[in-house]
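Engineer: What follows is each chain in one-letter form.
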Amino acid sequence: MIDFIDYLLGGISSGAIIALMALALVLVWRSTRVVNFAQLGQAMFTTYIALTVRELTGSWFLGLIIAMAAGLVVGVIVHFLVIRPVKRLDTSGAIIATFGVLIALEALAAMVWGGDPEAFPPPINNSGYEAFGRIWPFSPYDLLVLASVVFLVLALSVVFTRTNVGLAMRASAFNPEVARLSGVRVNRMLALGWAIAGLVGAVAGVLVAPLSTLSPTSFDIFLVFAFTAAVIGGLDSLVGAVAFGIGTGLVIALVSGYSDSSNAPLVALVLLVLNLLFKPEGVFSHHKARAV
Amino acid sequence: MEALVQRFPGARLGVNAVTALVIWGLLTWVNQVIEPLMSYYLATAAMYATAMFGMTILLGLSGQVSLGNGALMAVGGYIFALTSMNWQTVPILGTPWNAVWSMVFAGFGGVVFGAAIGGIAARLRGPYLAGLTLGIAVGVPAIANRFPELLGGENGLMLQVPYPAGGYTSGDTSDEAVDDGGEVPLDEEPVYEELPDDFGDFDEEFTDEFGDELDSDPGDLSDEDLLTEDDLLSEDDFLSDDDFLTDEDFTTEDGFEADIDSDAGADLDAGLDGGSEASEGADITDPAADLDLAGVDAGVDAGFAIEQWQASMAIAVACVVGFIALNLVRGRQGRVWQAVRDDPIAAAVSGISPAGSKISAFVVSSLFAALAGAVFAQILTYVGPGAFTLGLSLSLLVGIVLGGRNSFIGAIIGAVILVWLPEFVLDVSADRGWQDQITNNAPNFIYGLLVVLVVLAAPGGIVGGIQSLAGRLRGQAKSSSSP
Chain A
182 MIDFIDYLLG GISSGAIIAL MALALVLVWR STRVVNFAQL GQAMFTTYIA
232 LTVRELTGSW FLGLIIAMAA GLVVGVIVHF LVIRPVKRLD TSGAIIATFG
282 VLIALEALAA MVWGGDPEAF PPPINNSGYE AFGRIWPFSP YDLLVLASVV
332 FLVLALSVVF TRTNVGLAMR ASAFNPEVAR LSGVRVNRML ALGWAIAGLV
382 GAVAGVLVAP LSTLSPTSFD IFLVFAFTAA VIGGLDSLVG AVAFGIGTGL
432 VIALVSGYSD SSNAPLVALV LLVLNLLFKP EGVFSHHKAR AV
Chain B
67 MEALVQRFPG ARLGVNAVTA LVIWGLLTWV NQVIEPLMSY YLATAAMYAT
117 AMFGMTILLG LSGQVSLGNG ALMAVGGYIF ALTSMNWQTV PILGTPWNAV
167 WSMVFAGFGG VVFGAAIGGI AARLRGPYLA GLTLGIAVGV PAIANRFPEL
217 LGGENGLMLQ VPYPAGGYTS GDTSDEAVDD GGEVPLDEEP VYEELPDDFG
267 DFDEEFTDEF GDELDSDPGD LSDEDLLTED DLLSEDDFLS DDDFLTDEDF
317 TTEDGFEADI DSDAGADLDA GLDGGSEASE GADITDPAAD LDLAGVDAGV
367 DAGFAIEQWQ ASMAIAVACV VGFIALNLVR GRQGRVWQAV RDDPIAAAVS
417 GISPAGSKIS AFVVSSLFAA LAGAVFAQIL TYVGPGAFTL GLSLSLLVGI
467 VLGGRNSFIG AIIGAVILVW LPEFVLDVSA DRGWQDQITN NAPNFIYGLL
517 VVLVVLAAPG GIVGGIQSLA GRLRGQAKSS SSP
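Sequences listed follow chains A and B, in order.
Under the working numbering, read the first sequence as residues 182 to 473, first letter to last.
Under the working numbering, read the second sequence as residues 67 to 549, first letter to last.
Since the hints were derived computationally from the structure, they do not count as laboratory data.
For glycine and all other residues, C-beta sits at the position ideal for the given N, C-alpha and C.
Wrong hints could be hidden among the right ones.
[Said to hold, decoys possible] Derived, one-sided and incomplete: chain A residues facing chain B with beta-carbon distance under 7 Å:
1. Val263
2. Ile277
3. Ala288
4. Ala291
5. Ser443
[As the list claims (entries may be wrong)] Pairwise CB distance ranges, derived in the manner of DEER restraints:
6. A:Asp297 x B:Leu515: 19 to 29 Å
7. B:Trp500 x A:Leu262: 24 to 34 Å
8. B:Ala182 x A:Ser240: 42 to 52 Å
9. A:Phe313 x B:Trp500: 49 to 59 Å
10. A:Val451 x B:Leu515: 34 to 44 Å
11. B:Asp502 x A:Arg369: 38 to 48 Å
Isolated chain B (complex conformation) (with noise of 0.2 Å):
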């Protein structure tokens, strides 16, 4: 694979875009046969991943600890909420592509919050960095306060999912998803010429019938306990499978390996666009299809269908997220980020300007971070102070110090166990008769434990301790980690 990299520059690119399509396809897959309660967690696991792709480049290749992801999450949420609500009948950005382009708003807007704090903050040391990021996490979701009408103060915006009527339609989306091909399952095309005419009438009915159910179900979950990260975590507490993601994360781990193919060429990272769109398109007249078949009586199947369409959402984006990370940090810049964490000075000795190569890292993970607040805007159907918490910016570095700061495997590990852990205390907690107030705080007294731990013992997080562990068996020392 090196040889075939060094002989074909442009074949890193083809590589990191095969590994994003096939790691995709296999989730879009996975959230295909899965049942639509994992599908939510795969949605959360997905959204947090994605912001802490972000999390690497800046903890653990930068080398800087920041608590302001959490508020970048809400920079993004909040402008994919008010843009996909209020512009949906401006031209060009307005109804078809409503939310697509909400989401483009969302990312801009943590690149230009993310260059304004980065630009004081990137070049502080440690504490002081992580200091004034904390007053950012703190300070941030108050500004919701500052402006009640705009952004709804204390109480959030309720949001609308763009589904299934509002951001997208089947129509403009099926095409791709046809010239797509290979991903999409082909069963499903038939369904896509038939949609729009019931799809409006479909869409009254589901709101008469069911509006108050679906809208009192994140109307409880906002207004009653949403507001410690606690209750974000362990919300949905009916059933747990653990391991729906890890296996697969290790079958994708196998397959990146094994499926690289020689013609990987350039345009597959043009399809790889097309593909997340086409997952968007494809599983919103999923969905939409079960429902129309089901009829008014499927109520529930209503509810889960919203949580599947926003799992291949959270997918979709934490795949383009995850193959552009991968292209920056395999890159130049990668290198420049650890050549200024190591040495600032011999980096600056080298031409690059110590100070750039820290904020360039700041806004690389204020875009993914406002990306994933988009999509958790999206899961949660809510933007409000109580949702971007200091306890979100806390969880995501737990997770990422959990999983690993140096690699973005360990960022995907560290998702996933933010959305296990508190499920499987959950289980244990059920079995063994625990009071609430122990079931809903054990989680993070966990967390805190093991990261404390994790520093003391294995700072590189559990793939850092594989890697060694693997090292050691092998017998040589191992020093250097790749991401």
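Here chain A stands alone, though its shape is the one from the complex (with noise of 0.2 Å):
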């Protein structure tokens, strides 16, 4: 009973990260009805940017603010040069495109940086809290993720329902025809969303960074856990991807601790068929994941 309640501790600061990855995910979503395969390559690149900055200056937290303005650029620049030209119908072209961007992206980052998996310190403490006479895992920087998660889900959820601009970016992704009818420059509310997906990937891989290592392909895996925890989540519900990305965490955790580590992709895969098979619109979502 201990383990158990030691593996959920352990799994509830990555749970959180993926719940941002999947953030990330659903916003590009809903803003232009493409899944960004590219969106864990995006934040790769700003978490070397981080490292760099980090490494150049000392900070941490500038490394933070500079990778979140870097992920905003990449993601404004990935959608006007790559997204919006691609034909609108030609969804596999789409979704081949944002793999291509995953490849430069990957390769680009390996020319810079290296391929080597590279260290990256957490900014503080990362043993665990003791207390009852034992250490628990879970250490100052999972709180910090976790404060750091929680800041920022509720500062968007803030932005979508308190705010013209958020209400313009969901008339934008509801109905980008009417919205355009009503004024909305759904253009830009588009862009708006693959840049906040940006900011929230470039969050999520500064996060992440320190649990494991940094490498052009160490995000793959969470591309995986991140695109899991949307499609349960129904892909068009930010409220879903972020339970299901807590959720996602958890159950990985407690299968890795339960077994190995090595299992947390076949996880995520049997997770992802079990919903596929029994729910393939998502849990919170009611559009059609089945063509056929």
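Once you've looked at the hints, go ahead and assemble the two chains, each given alone in its own frame, into the complex.
Structural biologist: This is the structure:
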């Protein structure tokens, strides 16, 4: 039983980060009906930028801020240079293009920073708290991660539900034609969606890097986790992405704890298959995942 | 030609058989005359082409973006490795035909896995399918870690290439080689009779004297640095002759149209199977003969001869797969796939099951991927999680998109690009003196940019681009592209 609690505690922070990544995928999907398979490639790239800034200035926080700005810029660039020019009906083209961006970004990162895994040490103590005579697998850094994620999610929900920009973004996602007729600059809202997604992904990248190592391909597996969480959540739902992101993280932590961490990709795969078999439209959404 | 096909119902099969045979003959001849390093590139390109014929059907004709083909190659590779290593003494399935049977099992495994995955995946819409197959590409190689005793875990399995002993013996295949005549160089026949006597002796010498050296070469590949896709592509960086494949590709295309004869009957497609095995037989004995004659001091030749044999095997598989693919695509099934891709509802109204059509495309492409994986295992003499990465799946996608996703010629061009571009970058970097980390990753960077460019500017890839250019020159807008 104490094992169970340990594994759950250990999975909370990675679950929260997966939730952020899923959130980024959902933000892009809502704005342009594209799953951005390059999302975590962008996050990997901005995390390298954060690492460089941190090595130059010694400040983790400055690295995070610059990575967020870079994520914003990269998101907008990818949207304008790649996604907008793809023909609207060419869904396979859009998917392939995002994979092209992923390949290019991973190669570019390897060219600039080298392909070897690099350590990204946590900014604060990452050894567990001590209480009731034992060490719990929950550290000050986990607390920082959790606080950051909660803050970001709350900020996003305030933006989406309480501001005019948020309303315009929701309108553009819900019905672009009507939104345009109502005077919403839909294209700007779509670009804003990509920008916010890039920012969220950048935060997720900087937060997750200390939990493993940073290499050009080390986020590939998180792409699978985030996609799983986003799809189970309905791909359309911000709440679903957060809830199932944390859920996916916890399930992975439990399975890794009781068996072996190399099983994590298989766990994600099984979750994804089960979801697509029994509730392909996701838990929080009503659109169709199956074509036939 | 069309008139001929309409008059004789079986003629299409014959035409395809002649096409495959001509290409096979040409490539086999090329493989005999080029340098052994070129044979290695040829083998790799043929392996990629085999897998990408499946991508043409899946992505081009059926319109499904799948990243699972690298994982299905892993299925084929592991099945080949396990059956060819463990079942050598089993009667019937055992030694003389061991490797051929392993190939069959690999293909069968591909069909089973493809049907299982396809049943779930093929009915999903674009991004869901891509995401699920992405998970498969990342997850399936990790299965090797679940069964470390059987599958070798993270280290994978070293494979004994079924050469010169092992899978085949010259005696069994030489008959067919003689029967088939045509494509096999006649001057090599006398060698067959003498070989089996010296074979055993030679094999012992071979392993005693050179076992270390030969084993250490693939060992280096697998243990040190095989683990990323860049390394797979650019591992053998000695020399590069860029034009060796493109040239003969053009000749095959010419020969394609010109060499079609009226007596291309059904016996020719029967001849294809015999022919492909004959090529294996001929090429096994041929390098063995070289070794035998050259004696013990020809260690370099020994390494090269293996590559030539690998190339002949890869070519034979690619041609058989290409023949199957041509028959499927140019027949009813091809039209069914296209109909479902273009309008599933209209297809369903016409009595076609869209789900069935998509699953069948998945199964066929899985079969091809598994066969390519078996070939890949023999080229690397290794199977392991590091060989079948997400990078492999992505490079298949890159190849098919660049070459042209709607045609088999596009698949071949894509395969050539995948082999040629890393070598080209190596050449350039040698001239410019780039750092290793730039040289090793520049090909992927170029692939990524090219993929985006192709999607935006020429969705049909190189082949589609040439077709539309030719159409524009002829002053007629040609909208449909035929595979």
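Engineer: Against each hint, give a clear statement of whether it holds in the structure.
Structural biologist: Here's how the hints hold up against the structure:
For the restraint placing valine 263 of chain A at the interface with chain B, the shortest Cβ-Cβ distance is roughly 6 Å, inside the 7 Å limit, so the hint holds. Using the Cβ-Cβ criterion of 7 Å, the hint placing isoleucine 277 of chain A at the interface with chain B is satisfied: the shortest such distance is roughly 5 Å. Against a cut-off of 7 Å between C-beta atoms, the interface hint on alanine 288 of chain A holds, since the closest Cβ of chain B lies about 4 Å away. Using the Cβ-Cβ criterion of 7 Å, the hint placing alanine 291 of chain A at the interface with chain B is satisfied: the shortest such distance is roughly 4 Å.
Hint status for serine 443 of chain A: holds, given a least beta-carbon distance of 4 Å to chain B, under 7 Å. Between aspartate 297 of chain A and leucine 515 of chain B, the C-beta spacing of about 24 Å keeps the proposed range 19 to 29 Å intact. For tryptophan 500 of chain B and leucine 262 of chain A, the Cβ-Cβ distance of about 26 Å falls inside the hinted range of 24 to 34 Å, so the restraint holds. A C-beta distance of roughly 51 Å is found between alanine 182 of chain B and serine 240 of chain A, which places it inside the suggested range of 42 to 52 Å.
Here the CB-CB span from phenylalanine 313 of chain A to tryptophan 500 of chain B is close to 58 Å, well matched to the stated 49 to 59 Å. Checked against the given bound of 34 to 44 Å, the beta carbons of valine 451 of chain A and leucine 515 of chain B, roughly 35 Å apart, stay inside it. The hinted range of 38 to 48 Å is satisfied by aspartate 502 of chain B and arginine 369 of chain A, whose Cβ atoms lie roughly 43 Å apart.
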